[in-house]
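Asks: Here the protein sequences come in this chain order: B and V. The opening position of the first sequence corresponds to residue 39 in the numbering used here, with each subsequent residue numbered one higher. The opening position of the second sequence corresponds to residue 4 in the numbering used here, with each subsequent residue numbered one higher.
Among the clues, some could well be false.
Taking beta-carbon pairs under 10 Å as the criterion, some of the chain B residues facing chain V (in silico) [unchecked claim]:
#1 Phe70
#2 Asp74
#3 Thr167
#4 Tyr233
#5 Ile234
#6 Leu246
#7 Leu254
#8 Ile256
#9 Leu260
#10 Val262
#11 Thr363
#12 Ile365
#13 Asp366
If you are wondering where the hints come from, they were derived from the structure by calculation, not from laboratory data. Just so it is clear, the structure is predicted and the values come from calculations on it, not from any experiment. Note that CB positions come from ideal geometry on N, CA and C, so glycine has one too.
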Amino acid sequence: MDKLLTLTALRRVVQLTAFVFFVYGAMIFTTFYTGDKLTQNLPALSCAYDQSGGDFCALIPLQHQMDHRVSTLFTQNAGAMEALMGTLITIGTVALLILILNKAFCGWLCPLGFFQETITMIGTKLGLTQLTSLSRETITKIRPIKWFIFLFLVLIFPLLTGIGFLGHEWGNPYCSICPSRIMTTAMTGDMSQVYISQANGGYFALSLIADLLFGLMIALALFVRQPFCRICPILPMQTLFKKIGLLRLVKNGSSSCESCGNCVKACPMDIYEIQDQAENRNITHSDCTLCGRCVEFCPHDGVMSFKYGPLTLYSSSKEGFKKRTKIDKWWKG
Amino acid sequence: MKKILFSLLVGVSLWGYGDGAIYWTPHGCDDGKATASKHGGHGKGESAMFALMNSEANASAYLILPDLSEQNLTFKRNTLMLPKPSMGGYYAIVAEGNTTNGVYSAIRYLSLQGRPAKVSPTLLTAISKSALEIIPDPLHREHDRYTASKSYHFLLHFQGKPLINTTVTFETHDTPAQTYTTDQTGAFSITLPNDFKNVKVGRSENKPSEFLLSTQHRDGERLYKSTLTMPYSLNPNDYWQSQTYGAGAIFIGFIGGLLVYRRTKKGAKNG
Numbered sequence: 039m040d041k042l043l044t045l046t047a048l049r050r051v052v053q054l055t056a057f058v059f060f061v062y063g064a065m066i067f068t069t070f071y072t073g074d075k076l077t078q079n080l081p082a083l084s085c086a087y088d089q090s091g092g093d094f095c096a097l098i099p100l101q102h103q104m105d106h107r108v109s110t111l112f113t114q115n116a117g118a119m120e121a122l123m124g125t126l127i128t129i130g131t132v133a134l135l136i137l138i139l140n141k142a143f144c145g146w147l148c149p150l151g152f153f154q155e156t157i158t159m160i161g162t163k164l165g166l167t168q169l170t171s172l173s174r175e176t177i178t179k180i181r182p183i184k185w186f187i188f189l190f191l192v193l194i195f196p197l198l199t200g201i202g203f204l205g206h207e208w209g210n211p212y213c214s215i216c217p218s219r220i221m222t223t224a225m226t227g228d229m230s231q232v233y234i235s236q237a238n239g240g241y242f243a244l245s246l247i248a249d250l251l252f253g254l255m256i257a258l259a260l261f262v263r264q265p266f267c268r269i270c271p272i273l274p275m276q277t278l279f280k281k282i283g284l285l286r287l288v289k290n291g292s293s294s295c296e297s298c299g300n301c302v303k304a305c306p307m308d309i310y311e312i313q314d315q316a317e318n319r320n321i322t323h324s325d326c327t328l329c330g331r332c333v334e335f336c337p338h339d340g341v342m343s344f345k346y347g348p349l350t351l352y353s354s355s356k357e358g359f360k361k362r363t364k365i366d367k368w369w370k371g
Numbered sequence: 004m005k006k007i008l009f010s011l012l013v014g015v016s017l018w019g020y021g022d023g024a025i026y027w028t029p030h031g032c033d034d035g036k037a038t039a040s041k042h043g044g045h046g047k048g049e050s051a052m053f054a055l056m057n058s059e060a061n062a063s064a065y066l067i068l069p070d071l072s073e074q075n076l077t078f079k080r081n082t083l084m085l086p087k088p089s090m091g092g093y094y095a096i097v098a099e100g101n102t103t104n105g106v107y108s109a110i111r112y113l114s115l116q117g118r119p120a121k122v123s124p125t126l127l128t129a130i131s132k133s134a135l136e137i138i139p140d141p142l143h144r145e146h147d148r149y150t151a152s153k154s155y156h157f158l159l160h161f162q163g164k165p166l167i168n169t170t171v172t173f174e175t176h177d178t179p180a181q182t183y184t185t186d187q188t189g190a191f192s193i194t195l196p197n198d199f200k201n202v203k204v205g206r207s208e209n210k211p212s213e214f215l216l217s218t219q220h221r222d223g224e225r226l227y228k229s230t231l232t233m234p235y236s237l238n239p240n241d242y243w244q245s246q247t248y249g250a251g252a253i254f255i256g257f258i259g260g261l262l263v264y265r266r267t268k269k270g271a272k273n274g
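Next up, chain V with everything else stripped away, as it sits in the complex (with noise of 0.2 Å):
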């Protein structure tokens, strides 16, 4: 019990955010790592078991595959844990629960290795997911991961319709909540913070954070909710790595090759 708890409360990075509104968060307990360790297609460290924040009873989630195809999935109190993968490419893990008056969906990107599913991810991110859905335009690149410092674009959709001049909520753990306005097309920038403390050298020695982005929007008597939660990594050039140093070697390159062009020119002229 008390290793359950403790996993619970190291494993979840992002715990009691959200404003109530559902959203997934990664848990880091031996149980999913050794089963996304099990399962291969999971990148080192990673695991196979997420939580779902703040969920009602009523929740209910699935998989979207990469091939575009739809797995149930099915809930441990408010965790679970995902299958096997059966081929290489994006993932969405979909949430959703209704009450009374409201609908809330928390969804969430994975990109896992395995046989390509020949699908583009164009497609997953495109296929509308939940009535209101927070839309990275586009997800990051296979191999690659959000990166602190950088920016990126999301669209806000409802109904499979822009959503203008809304609200969206950006925060992470160590970030307080910031709020984003969608423009005339529903999209919307943010540049994820570098805010990453304790950091040591080397890309691989630093666990990767969570940010969650969370929106809501009432259309009559229903508000719906909806999230959207990625990890993302330290960003080396803001540590280990100097720009400038490369900037400097660069021109210490070029005028080597300067230096070259003068003794070839000599060397041409002293026939």
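Bound conformation, chain B alone (with noise of 0.2 Å):
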């Protein structure tokens, strides 16, 4: 048993206990009611949209506040208190989350995450190659992908939307697209949010990339690891915070580092940066869920660690590496 138990191994426990939670949460507990939601602004993708849900992603309200709350600002010359304090509130919340998990939502507690990931060990399984990273120069080229999603999508074009400049469906335009929209009310056995809408142009082109995102990120999840999380606008979300967050990844690179490329090769996130020299600094990078991969799969004694506060909760060390790349042999066949 003390063989199976990895950090990894912790981590799907936690990721399919939140994916219940999630999805089927008001089935199990009285959260059907937004008012009963969890936080309401949670800084993963659990969709809102999701009828038994038990709590929902922090872009959806946002995405409503800069529609008819920040708009009004412009329209209707309301005060700033007004216009901003659903927001604020909505930010506030999203923060001190961070404070207490960082980006940790994403690695362990996000459903499409876990969707994601679960595809790519169907994939394995059933013998297709795996592109294990992708090369520096596709990652920079997507990297700003995020950027522009959060900062067209969730704030510009429903704030816009608002004032008058764009028609209603540019309202939430995130939410339109966003594949955990129709993973986690397909999960419930709702199939209504499948559809191409004829309503005019506008919702045709939205529902149309909906639904061919949602395809194409299937298919990639078999091969590639978290196709999705490279652009999702979550992170650049949680990027805003992440120097408040209690959780990090710390390395201490200075003595035994040499730079062996493990901790990029093991990330799912081809954060490259992340084999460079660091002495004791928090390395959390924008694009980081703090999965721990890189912590798991570093051979050096101390060199990686998941730090809470002051507290080191796991290391890397040379037996942590062996078990896990023998169990990781094992898994691959």
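Fit chain to chain and form the complex, with the hints in mind.
Replies: Printed below as a string of structure tokens:
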């Protein structure tokens, strides 16, 4: 049993539990109504369209606030407090959650992240050739996309809709293309979110992108690790507060780190910067999901570690590396 | 006068239903809409005025607020104007009337925007509002709406206890009365009909319709009658949204991903 006890095994248990709560929570707990949700501002892609969910992500209130509240600054000369209070509450709640768990919301709790990882596991078991790492060039091209999505689809387009420059379909455009909306609802047997809208050009384009993206994400996840996570707008939102997060990835590579690159190979987000030299420094990158694979696959004692405030929760070690490599070989056959 | 009569005919979407039981229906007159607009919290084009149909002279009404406090409402003939909502969440409008051998009640829920009351809507539906009561189990979620072609669950309670094997009548403006029977837990489900006429493309282009659930129960000499009315909207998937095309687009996306796989595999082989 001890042979299987790894950080990844623990993460899978947490992910599965979180998946059940965030996708089916209302069936188990009294969390059906919005007012009963855990936070209503989760920094992870748990979808509000899922009627059975236990909580939902912060992106839907952010888009609605931009559309219906922040826009009143320009359209109705509303007071700053009245227009911004909702957004400040959302951002404040997200900041508080990031303080507690930082980016682990992605690597440990996000239902869509778990869904993609499960598909990758299926792909591995089907014997599909896994694309272990994307090139630096590809990663450099992909990284700005999430910022574009966050700025335009979550903030700017909804705000312009509220002001009256764009049609109603741009009021929550991110939700309209989000794969989590389709995945979480489908998981509860509700297929109503799978559609192509012919209401107008905007609705048509958004619904088409959503469906194509969902299909593409599933196929890519069979051989690429976490394809959608790389462009997810939750990452930029978390990045705004990652410095205050108590949970963090720390590297102390001054003496033993030989820049072997194992950490980069292990990283599902292909963060090349992890292998850079660092002395007892917080290296939680904007793209990091705090999954901990880099810590597990680091062969040096104490070079990589998970810290929570002043406490070291988990550190890399020769023994841990050997065990993890053995399990990885067994899993991949 | 003409304007009032016209408003009554046009604005009231359920007229002459309920088999003699009292029931609530929105009053779509200009006054009601103007008041709703002035109050805030109501949806676009909604009315703050409601009419109690088939009402007796002794009917009384009150409002249950999201924080479960109560507020008496005053009729002007058979209509009343809701006060300005002081908080956001679900409200219940309850009407009660008595005759020598009968007890009548009508309930309607509405969701208004505003500062959250921090009280679960579960408590609002759970508290007893009348001796005989049709309870949504649950209500549609905030920001959602009752939608055609979808199924919803309800409970029937008499004096706070489930009423089993009892007939509940369902009717809408365009669907004739249908009956449902409660099960051993006092529950029943209905699928809202897709009975919208002259549908235009776009959700906001189509006004919601109304459904009415009514039931009665005799306890000794007394006959209890209760109704629940709620609005419901058309389902875009029945009209301008195609689920078949949606599934097709997902399939195309999936094939696209597999083509990427083929390319990367070929690239890997070629070194």
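Asks: For each hint, tell me whether it holds in the structure or not.
Replies: Structure-based check of all given hints:
Given the 10 Å rule on beta carbons, the hint for Phe70 of chain B holds: about 5 Å separates it from the nearest Cβ of chain V. Here the hint on Asp74 of chain B is kept, as its CB sits about 5 Å from the closest CB of chain V, short of 10 Å. Because the smallest distance between the Cβ of Thr167 of chain B and any Cβ of chain V comes to about 5 Å, under 10 Å, the interface hint for this residue holds. Evaluation of the Tyr233 of chain B hint against chain V yields a held restraint, the C-beta minimum of about 4 Å falling below 10 Å.
Checking Ile234 of chain B against chain V by beta carbon gives a least distance of about 4 Å; that is within 10 Å, so the hint holds. The interface hint given for Leu246 of chain B holds, since its Cβ lies 6 Å from the closest Cβ of chain V, which is under the 10 Å cut-off. For Leu254 of chain B, the interface hint holds, since its Cβ comes within 10 Å of a Cβ in chain V; the closest pair sits about 4 Å apart. The closest approach between the C-beta of Ile256 of chain B and any C-beta of chain V is roughly 6 Å, which is under the 10 Å cut-off, so the hint is satisfied.
Residue-level restraint check for Leu260 of chain B holds (minimum Cβ-Cβ distance to chain V is 7 Å; threshold 10 Å). About 8 Å separates the beta-carbon of Val262 of chain B from the nearest beta-carbon of chain V, less than 10 Å, and the hint is met. Nearest Cβ of chain V to the Cβ of Thr363 of chain B: about 22 Å, over the 10 Å cut. The hint is violated. Taken as an interface hint, Ile365 of chain B does not check out: its beta carbon lies about 25 Å from the nearest beta carbon of chain V, beyond 10 Å.
Taking 10 Å as the C-beta contact cut-off toward chain V, the hint placing Asp366 of chain B at the interface is violated, the least distance being around 20 Å.
Violated hints, listed in ascending order, are 11, 12, 13; each of the other numbered hints is respected by the structure.
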